[in-house]
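Asks: These protein sequences, in sequence, are chains E and F. For the record, in the first sequence the residue sitting at position 78 is 78 according to this note's numbering, with numbers rising by one throughout. For the record, in the second sequence the residue sitting at position 59 is 59 according to this note's numbering, with numbers rising by one throughout.
Keep in mind the hints are simulated off the structure, nothing from the lab. Glycine included, C-beta positions come from ideal geometry on N, C-alpha and C. There may be inaccurate statements among the hints.
[To be verified] Quick list of in silico lysine-lysine cross-link-like pairs, PhoX-like style, CA-CA up to 20 Å:
{"no.": "1", "chain 1": "E", "residue 1": "Lys58", "chain 2": "E", "residue 2": "Lys68"}
{"no.": "2", "chain 1": "E", "residue 1": "Lys58", "chain 2": "F", "residue 2": "Lys104"}
{"no.": "3", "chain 1": "F", "residue 1": "Lys57", "chain 2": "F", "residue 2": "Lys71"}
{"no.": "4", "chain 1": "E", "residue 1": "Lys100", "chain 2": "F", "residue 2": "Lys57"}
{"no.": "5", "chain 1": "E", "residue 1": "Lys69", "chain 2": "E", "residue 2": "Lys58"}
{"no.": "6", "chain 1": "F", "residue 1": "Lys104", "chain 2": "E", "residue 2": "Lys100"}
[What the hints assert, rightly or not] Some chain F residues near chain E, calculated using beta-carbon distances under 8 Å:
{"no.": "7", "residue": "Ala88"}
{"no.": "8", "residue": "Lys104"}
{"no.": "9", "residue": "Phe107"}
{"no.": "10", "residue": "Gly110"}
[Claimed, not checked] Pair ranges (Cβ atoms, derived):
{"no.": "11", "chain 1": "F", "residue 1": "Ile12", "chain 2": "E", "residue 2": "Gly8", "range": "17 to 23 Å"}
{"no.": "12", "chain 1": "E", "residue 1": "Leu18", "chain 2": "F", "residue 2": "Gln84", "range": "37 to 43 Å"}
{"no.": "13", "chain 1": "F", "residue 1": "Glu44", "chain 2": "E", "residue 2": "Leu7", "range": "18 to 24 Å"}
What follows is the residue order along each chain.
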Amino acid sequence: AQSVTQLGSHVSVSEGALVLLRCNYSSSVPPYLFWYVQYPNQGLQLLLKYTTGATLVKGINGFEAEFKKSETSFHLTKPSAHMSDAAEYFCAVALGGYQKVTFGTGTKLQVIP
Amino acid sequence: DTGVSQDPRHKITKRGQNVTFRCDPISEHNRLYWYRQTLGQGPEFLTYFQNEAQLEKSRLLSDRFSAERPKGSFSTLEIQRTEQGDSAMYLCASSGGTGGANEKLFFGSGTQLSVL
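Given only the sequences and the hints, what does the whole structure look like? Please build it.
Replies: Take a look at the structure:
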């Protein structure tokens, strides 16, 4: 069985500040890891994913995440927050494919001008 | 690519009524998924189709829930005898390919169900 834990249901950052959203996973086998973003009244959109290979993955809108097996973490970062980054972010895990993606409970990011 | 479409966007019903939702995946996507999202939670997997075959169902999908994907195109999710606990956002997603590392899920905007 796989699961993810997102630390902090709400995170507030100032515009231009570093964004750090935390995610820890639990998996019995090497997992596929994802970050999705959900804007109000819109569907979930894939930000980035880790499957195999390079542990630092870059996604859309300047986001990146690093897979750290020793820490079972996959934290999402962005060097400088924009107002448009305000949304809810979901970490997710799957085993060997996309059939059963397990999502975390989400972190709402607020960007303060 | 017109994206994944879900209809209706909102549904309000009385307890005990039946409701049906529709999902139109991206054309030629062979895989279709239903998820449910309640307030403060992430989406939870309900069921999955490859073409017209329903390959997996979550334990969350009680016998009041039924999903179909005739002809491997659009899908419907029906809830019979709705209960207040069924109130949630029902999300549909589709993907193409063989389920490998390069496959990507595309989500619709969801159907928000409110059971009074």
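Asks: Now tell me, hint by hint, if it's right for this structure.
Replies: Evaluation of the provided hints:
1. Taken as a hint, the Lys58 of chain E and Lys68 of chain E pair is honoured in the structure, with Cα atoms around 15 Å apart against an allowance of 20 Å.
2. Between Lys58 of chain E and Lys104 of chain F, the direct Cα distance comes to roughly 16 Å. Compliance with the 20 Å bound is thereby established for this hinted pair.
3. Taking the CA atoms of Lys57 of chain F and Lys71 of chain F, the gap is about 19 Å. The hint holds against a cut of 20 Å.
4. Of the pairs offered as hints, the one joining Lys100 of chain E and Lys57 of chain F holds, with about 10 Å between alpha carbons and a cut-off of 20 Å not exceeded.
5. Taking the CA atoms of Lys69 of chain E and Lys58 of chain E, the gap is about 17 Å. The hint holds against a cut of 20 Å.
6. In summary, the hint linking Lys104 of chain F to Lys100 of chain E is supported, as the alpha carbons are separated by about 12 Å, within the 20 Å threshold.
7. With its C-beta approaching chain E no nearer than about 14 Å, Ala88 of chain F sits outside the 8 Å limit, and its interface hint is violated.
8. A cut of 8 Å between beta carbons decides the hint on Lys104 of chain F: the least distance to chain E is about 6 Å, and the hint holds.
9. Hint on Phe107 of chain F holds. Least Cβ distance to chain E is approximately 4 Å, under the 8 Å limit.
10. About 7 Å separates the beta-carbon of Gly110 of chain F from the nearest beta-carbon of chain E, less than 8 Å, and the hint is met.
11. At roughly 33 Å, the beta-carbon separation of Ile12 of chain F and Gly8 of chain E lies outside the given 17 to 23 Å, and the hint is violated.
12. As the Cβ distance of Leu18 of chain E to Gln84 of chain F is approximately 42 Å, the hint placing it in 37 to 43 Å holds.
13. Separated by about 20 Å at the C-beta atoms, Glu44 of chain F and Leu7 of chain E satisfy the suggested range of 18 to 24 Å.
When the structure is compared with the earlier hints, violations turn up for hints 7 and 11 and for no others.
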